[in-house]
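Chains as they are written, first to last, in the working numbering: chain E, 1 to 172; chain B, 1 to 758; chain W, 1 to 87.
Keep in mind the hints are simulated off the structure, nothing from the lab.
Built from N, CA and C at the ideal position, the CB exists for glycine as well.
Distance ranges between label pairs, derived from CB positions:
{"no.": "1", "chain 1": "E", "residue 1": "E90", "chain 2": "B", "residue 2": "D477", "range": "20 to 28 Å"}
{"no.": "2", "chain 1": "E", "residue 1": "R89", "chain 2": "B", "residue 2": "S473", "range": "30 to 38 Å"}
{"no.": "3", "chain 1": "B", "residue 1": "G747", "chain 2": "E", "residue 2": "S131", "range": "23 to 31 Å"}
{"no.": "4", "chain 1": "B", "residue 1": "G416", "chain 2": "E", "residue 2": "G91", "range": "51 to 59 Å"}
{"no.": "5", "chain 1": "B", "residue 1": "R414", "chain 2": "E", "residue 2": "D123", "range": "51 to 59 Å"}
{"no.": "6", "chain 1": "W", "residue 1": "D49", "chain 2": "B", "residue 2": "P441", "range": "53 to 61 Å"}
{"no.": "7", "chain 1": "B", "residue 1": "T626", "chain 2": "E", "residue 2": "S131", "range": "15 to 23 Å"}
{"no.": "8", "chain 1": "B", "residue 1": "G449", "chain 2": "E", "residue 2": "G62", "range": "36 to 44 Å"}
{"no.": "9", "chain 1": "W", "residue 1": "D49", "chain 2": "B", "residue 2": "D477", "range": "46 to 54 Å"}
{"no.": "10", "chain 1": "B", "residue 1": "G449", "chain 2": "E", "residue 2": "Q163", "range": "36 to 44 Å"}
{"no.": "11", "chain 1": "B", "residue 1": "V670", "chain 2": "E", "residue 2": "G62", "range": "32 to 40 Å"}
{"no.": "12", "chain 1": "W", "residue 1": "P53", "chain 2": "B", "residue 2": "P74", "range": "42 to 50 Å"}
{"no.": "13", "chain 1": "E", "residue 1": "A138", "chain 2": "B", "residue 2": "A751", "range": "22 to 30 Å"}
{"no.": "14", "chain 1": "B", "residue 1": "M599", "chain 2": "W", "residue 2": "P39", "range": "47 to 55 Å"}
Straight-line Cα separation of at most 25 Å, SDA-like style, residue types lysine to any residue; simulated pairs:
{"no.": "15", "chain 1": "E", "residue 1": "K9", "chain 2": "B", "residue 2": "R134"}
{"no.": "16", "chain 1": "E", "residue 1": "K9", "chain 2": "B", "residue 2": "L133"}
{"no.": "17", "chain 1": "B", "residue 1": "K467", "chain 2": "W", "residue 2": "S85"}
{"no.": "18", "chain 1": "E", "residue 1": "K8", "chain 2": "B", "residue 2": "S130"}
{"no.": "19", "chain 1": "E", "residue 1": "K9", "chain 2": "B", "residue 2": "S130"}
{"no.": "20", "chain 1": "E", "residue 1": "K9", "chain 2": "B", "residue 2": "E46"}
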Amino acid sequence: MNSKPYAKKVQVQAQINGEPVEFLCEPRQTLLEVLRESLGLTGAKEGCSNGNCGACSVLLDGVLVNACLVLAVEIQDKRVLTIEGLAPREGLHPLQEEFLRQGAVQCGFCTPGMILSAKALLDHNPHPGESEIRRWLAGNLCRCTGYEKIVRAVQAAAERLSQQEAAVEVKP
Amino acid sequence: MSADPQDSVQEAAPAYRVIGTRPIRQDGLDKVTGRAVFGADVRLPETLYGAVLRSPHAHARLLSIDTRQAEALPGVKAVVTAADLPAITLEGDWGDNLRYQSQNTLAADKVLYYGHAVAAVAAVSPHIASEALRSIQVVYDPLPAALDVRQAMREDAPILLDTLRTDSLGQRGNQPTNVASHARFERGDLEQGFAQAALVVEREFETATVHPGYIEPQNASAIYQSNGQVTIWCSTQAAFGIRDDVANVLQIPVGQICVIPTEIGGGFGGKNSAYLEPLAALLSKKSGGRPVKMAMNYSEVLAATGPTSASYIHVKVGVDRDGLITAAQATLVYAAGAYPGSPLWGGMPAIFGAYRVDNLRVDGYDVVVNRPRSGSLRAPGAANAVFASETVMDEICEKLGMDVLEFRRLNGVRQGDRRSDGVPLPRIGFHEALQAARQHPHYTAPLGGPHRGRGVACAYWGNHGGKSSATASVHADGSVSLLEGSVDVSGTRTSLAMQLAETLGIPLEAIHPRVADTNAVAYTEGSYGSRTTFATGWVVYELGQKLIALLSERAAILWETSPDQVQFAEGVFSHKGGEKRLAFKELAARLDETGSPLMASVSLAAGGAGPAFAVHLVDVEVDPETGKVQILRYTAVQDAGQAIHPGLVEGQIQGGVAQGIGWALHEGYVYDEAGRLLNANLLDYRLPTCLDVPAIEPVIVEMPNPRHPYGVRGVGEIPIIPPPAAIANAIARAVGVRLTQLPMSPGRVLAARLARDA
Amino acid sequence: MPVIWIPALLRDLTGGAEQVRTPGGTLRQALDALEARHPGLHARLITGDQLRPDVAVVVDGLVSPLRVRQPLNEDSEVHFISASSGG
Ligand code: FES
Ligand code: FES
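Just chain E, with the same shape it has in the complex:
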């Protein structure tokens, strides 16, 4: 055992939720720990700490990752999106609105991770079928809802997003 339990800290620069961020961390610290404990972004949740529950899901350069499996030093020069950065300045993202409307939130602990997984899916395929939605959300555990209302919320958000897109397209 190391008699001095402190590791030398490393400086990391990245972009989090659109803002440039600079922090010091130990090499052993996960992205999840730094987000939650150092940066105060507690929207990403810690469930299993080993990649099995998806409560810590965030987007890293647009790719869905479990923040508990990423070391904080790995995000150097990268972009991170957490639930805190999802909503536009005014109002909510359609996924957030539909989670509310469809009653897809019960305790709400899985919700941030679910919403970010769903966002990753819709960025990849704006028109997913039910089975594709279920495949993309299979890494996010929810013990409360039985998933049904979550799947409906993602479907409804997909529909609204594509309507918005269509509206943008017809604009001259």
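Position chains B and W with the ligands against the provided structure of chain E, taking the given hints into account.
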């Protein structure tokens, strides 16, 4: 006050304004934006991080604990062991209970399960805390373990608790034992009943230990100030329960403790009692009052917090030629875990709870084993019991060639029938639910393929009432703040605010509900037992009535008349026989003219919880090669009483069914022979994902509870009960084998099929 | 007179009787009267001067928060059941 419900009955279905609608939950916005503060999100200046050292043995004597090296580690601020806990000197059963709670917090001279806490540390970072744990030296003297109830009941079994003697309702055994208690329901003449039977089916069952499996691990932050005041933030279903547990373990008065419940990431019964809270408080005290934050990792959650009991169950049921039950007998042996207290109180009434049985005997045995102390899980003790009884009932129907719903129509309990424990049933909606199931297209839909089967199972659950409290304040803009003692696990702030809005005749948006800490309202039982919308809802109704009476007095002051000249209807106060009218909001704006601001409080104990009934239908397909069971369709019919917010009721039903599916098919603790838990993580202890759970269709039947002002019954627990039995029955119909063990994993299904073919 | 339903495990003390009618304006008085006729019942149900904490009392279909102090009517029906909570 103790409420008398009998005269609060509303006979004709009343037209509600708010009740029965589906507003967006008031806490929803914070939850979709990540702003909601859950237990582990609490941030206090100067926080230390706590961690717990746990036993690698299932059963061992603790010879010594050397913490010196850990204490010397830079950054470590406190280390505690059982030596830091006060001795509990109270005698008798209650004293034993408190000692068990204390020993479960930190093991004293024996560890009783893999994962049992033996020491805890607080350090300036979580990494230093875990390094400190590694430098604590513990010397164990391992003992043989008793892991299974039947093994633990044998004469030569290793004894867990030296002082334990079997309690049979006040009569004590005189030998050391692992059987903590024996309970019995009995009526009629069992022998005669079986003698009258044309068909008797008798089976034995075994069910695994399963965990509530909330995604958010247990957590606690605590500050123990030098003046003795303790403040605790934690995710709990029962803020007052935690306060009492901490007071008991640390032997300090409840008035010194304030528990502030945060948002909670699921509970299902698992967050009713304290694990980390007393440790965080003790570590804070020892580190000079710095805040100490603790959170379990998921391995600790599985290994050391209350799972529900593994069980062995024997069921014997006799019916006459027409399918009428002539006798029913069951023996339930439940694994309590390391200390007494398995949920026999839930399993025994549930096992034949849906049936009228004149000749009946149900025996229950609470047995300690070297597993974590069992806790509550959604309708505690019922799903495994009903798995046993409902598969026997299904086998009877199959042998008689009788329609399964017709069998329930013939034998199902009705108002006035007696429960297994003798208490007569009030108005219930079981037969209405059976009718709804029979009429549902699912019941007659073609199965559409080979290796498919349809299963049905029913359930009774008593629900719980109990003590609740709330306070409401009226503001000048007509809004009302509602401070209530029930933790909101699943949207109850909204279902309570809806009942207050209905009573006061004002819009839901005018009510601002908030969960109170233990210093802000009077005692309120935890959010368990499907009780919050029922019991705290009743409080809120009475609170509304009280506000109306007080506001009538204020209107009388304004109108210079007597309060009995003021009447109230649909949100408007008016002068009897006069022209004067003031809407709630208008009157609120003029409170200043009437002398003083206005608030009211109500506490009550609700005795008349309405029993719930459920009828579930499920279609499965069994892979003949692998034994894997796929669920194709699921319909869950339930008498919810009056549904305050049908969307929330549906959520409870869907979530409960999903949990029951996990219990049925793949959840279960796996121990090695030495009693080490082999699957203490979420990869190997597999919770259902959205690929395992089909679209679950909830069907709500509304038979109002005559003993609640708005007819509420309680809905949260019963949906978990029928799934294991319904799925087992569907498997039997699909491939012709009756499974008697949970979980019904592919290996077991395949083995049963192969054994039958051989 | 109120009728007390005797829990199965206590019926050895009532000669097998499932129900016993007994006078009493409160549950405590009824239990005292019962004890005079069927000695030993009291000790099985009461610790100190309270009902055992793991036993709840149901009077006329409602769980009584007053427990041994619950007033009884002439036609009250009393059951002792397991104290419950839930999940
Ligand atoms: S906490 Fe990262 S996947 Fe569970
Ligand atoms: S809402 Fe509770 S875990 Fe998903």
